[in-house]
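Student: Fit chain B to the given chain A structure using the hints.
As given, the protein sequences belong to chains A and B, one line each in that order.
Residue 100 in this note's numbering is what sits at position 100 of the first sequence, and the numbering runs on without skipping anything.
Each position in the second sequence, counted from 1, maps to that position plus 111 in this note's numbering.
There's no promise every hint is true.
To be verified - Calculated lysine to aspartate or glutamate pairs in the EDC-like style (CA-CA distance at most 20 Å, straight line): (1) A:K77 to A:E16; (2) A:K60 to A:D84; (3) A:K60 to B:E186; (4) B:K120 to A:E63; (5) B:K168 to A:D54; (6) A:K77 to A:E97; (7) A:K68 to A:D84; (8) A:K60 to A:E42; (9) A:K56 to A:E42.
Stated by the list, open to error - So the derived list for chain B, only partly shown, Cβ under 10 Å to chain A, looks like this: (10) P119; (11) Q155; (12) I171; (13) F216; (14) G217.
These are computed hints drawn from the structure, not numbers from a lab.
Please read all numbers here as calculations on a predicted model, not as lab measurements.
Glycine is no exception: its CB is placed at the ideal position from the N, C-alpha and C atoms.
Read off the chains here:
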Amino acid sequence: GNSVTQMEGPVTLSEEAFLTINCTYTATGYPSLFWYVQYPGEGLQLLLKATKADDKGSNKGFEATYRKETTSFHLEKGSVQVSDSAVYFCALAVGNEKLTFGTGTRLTIIP
Amino acid sequence: DSGVTQTPKHLITATGQRVTLRCSPRSGDLSVYWYQQSLDQGLQFLIQYYNGEERAKGNILERFSAQQFPDLHSELNLSSLELGDSALYFCASSVAGGGSGPLHFGNGTRLTVT
Chain A
1 GNSVTQMEGP
11 VTLSEEAFLT
21 INCTYTATGY
31 PSLFWYVQYP
41 GEGLQLLLKA
51 TKADDKGSNK
61 GFEATYRKET
71 TSFHLEKGSV
81 QVSDSAVYFC
91 ALAVGNEKLT
101 FGTGTRLTII
111 P
Chain B
112 DSGVTQTPKH
122 LITATGQRVT
132 LRCSPRSGDL
142 SVYWYQQSLD
152 QGLQFLIQYY
162 NGEERAKGNI
172 LERFSAQQFP
182 DLHSELNLSS
192 LELGDSALYF
202 CASSVAGGGS
212 GPLHFGNGTR
222 LTVT
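Bound conformation, chain B alone:
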């Protein structure tokens, strides 16, 4: 058990809808990272937060947004969903603000857009 909790485990929704994915980091970790894993594009870094502030941004679409709350949990909001957004979304956490890890990953949220 990595100590990182992601909810929900599975999400099925329709195109055009909006969903929120939630992540609770490992106790004591200040950084939260979001990754998207799809079959054809591997593991793509989306965004990182450190102690409530955005630290790094990757290939995150404008339709997606995230935030980290004072209790350090994070939410990833996906809107105007398209079929191509179907993927596994992973949250990871680490103690420090640097991304060199080690990163502790949750078990992911599988999003299916129909």
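So that you can see chain A by itself, here it is in the shape it has in the complex:
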């Protein structure tokens, strides 16, 4: 079956630090990959996505590259802000199947 493994949280960083949240996947087919973000008190919202190998998704300063050889889709940001504090979910979908989410990684940025 399909599965997503994210790095365990919580992650606490100082403002302007470099962020990496690791995500690896297992899929029976050729998946599309996503990062969703959940801000406090809100539902999840799509942050970025990539649909084929070597694609780079980017949004709001965040980036993730679809690495087929390592089955990974790590989320990165060069300089985090307090407003980036949220829970981040890696997810995949194969064809028209439903999204499979990782367990989420809670990120806290301290000033």
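Tutor: Same frame as chain A, but now just chain B:
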């Protein structure tokens, strides 16, 4: 604003009771998904409806049921509630029947069972 509306925002009830959670999808979206988010189990997919028909089923208990109405709003019914059912319940919608998204999530209903 995602355009997905969930009511109520908070619900407190006792064990053994029954509750109904309501979701109005984003305008134009035909698919509705229900997810349960608890502290220890992350985000669990419950069920999906597409244009009134059940499309996919996840880890939904037999005590839970859902439906999607002709106006495309959906309701999730939870019965014989147990303490362990306390969680955030999210509704999401998408245009197509496939689950690959993007999904648009509501802000959730927080259910507390006492």
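Student: For a C-alpha distance cap of 20 Å, please report whether K56 (chain A) and E42 (chain A) respect it.
Tutor: This hinted pair is violated, its Cα atoms lying about 26 Å apart.
Student: Answer holds if the nearest beta-carbon of chain A is closer than 10 Å to that of Q155 (chain B); otherwise answer violated.
Tutor: 9 Å, holds
Student: Is the straight-line distance between the alpha-carbon of K60 (chain A) and that of D84 (chain A) 20 Å or less?
Tutor: 10 Å, holds
Student: Assess, step by step, whether the Cα of K60 (chain A) is no farther than 20 Å from the Cα of E42 (chain A), and give holds or violated.
Tutor: 18 Å, holds
Student: Is the straight-line distance between the alpha-carbon of K77 (chain A) and that of E97 (chain A) 20 Å or less?
Tutor: 29 Å, violated
Student: K120 (chain B) and E63 (chain A) were given as a pair; does the straight-line alpha-carbon distance stay at or below 20 Å?
Tutor: With a Cα-Cα distance of about 33 Å, the restraint between K120 (chain B) and E63 (chain A) is violated, given a limit of 20 Å.
Student: Regarding the hint that F216 (chain B) lies at the interface with chain A, is the smallest CB-CB distance below 10 Å?
Tutor: For F216 (chain B), the interface hint holds, since the closest Cβ of chain A sits about 3 Å away, which is under 10 Å.
Student: Would the hint on G217 (chain B) stand, with a C-beta cut-off of 10 Å toward chain A?
Tutor: Hint holds; G217 (chain B) Cβ to chain A Cβ min 5 Å, cut 10 Å.
Student: K168 (chain B) and D54 (chain A): Cα distance at most 20 Å?
Tutor: 32 Å, violated
Student: For a C-alpha distance cap of 20 Å, please report whether K60 (chain A) and E186 (chain B) respect it.
Tutor: 34 Å, violated
Student: For K68 (chain A) and D84 (chain A), compute the direct alpha-carbon distance and say whether it is at most 20 Å.
Tutor: 27 Å, violated
Student: Could you check if I171 (chain B) really has its C-beta closer than 10 Å to a C-beta on chain A?
Tutor: Since chain A brings no Cβ nearer than about 13 Å to I171 (chain B), farther than 10 Å, the hint is violated.
Violation of the numbered hints given earlier is confined to hints 3, 4, 5, 6, 7, 9, 10, 12; the remaining hints are satisfied by the structure.
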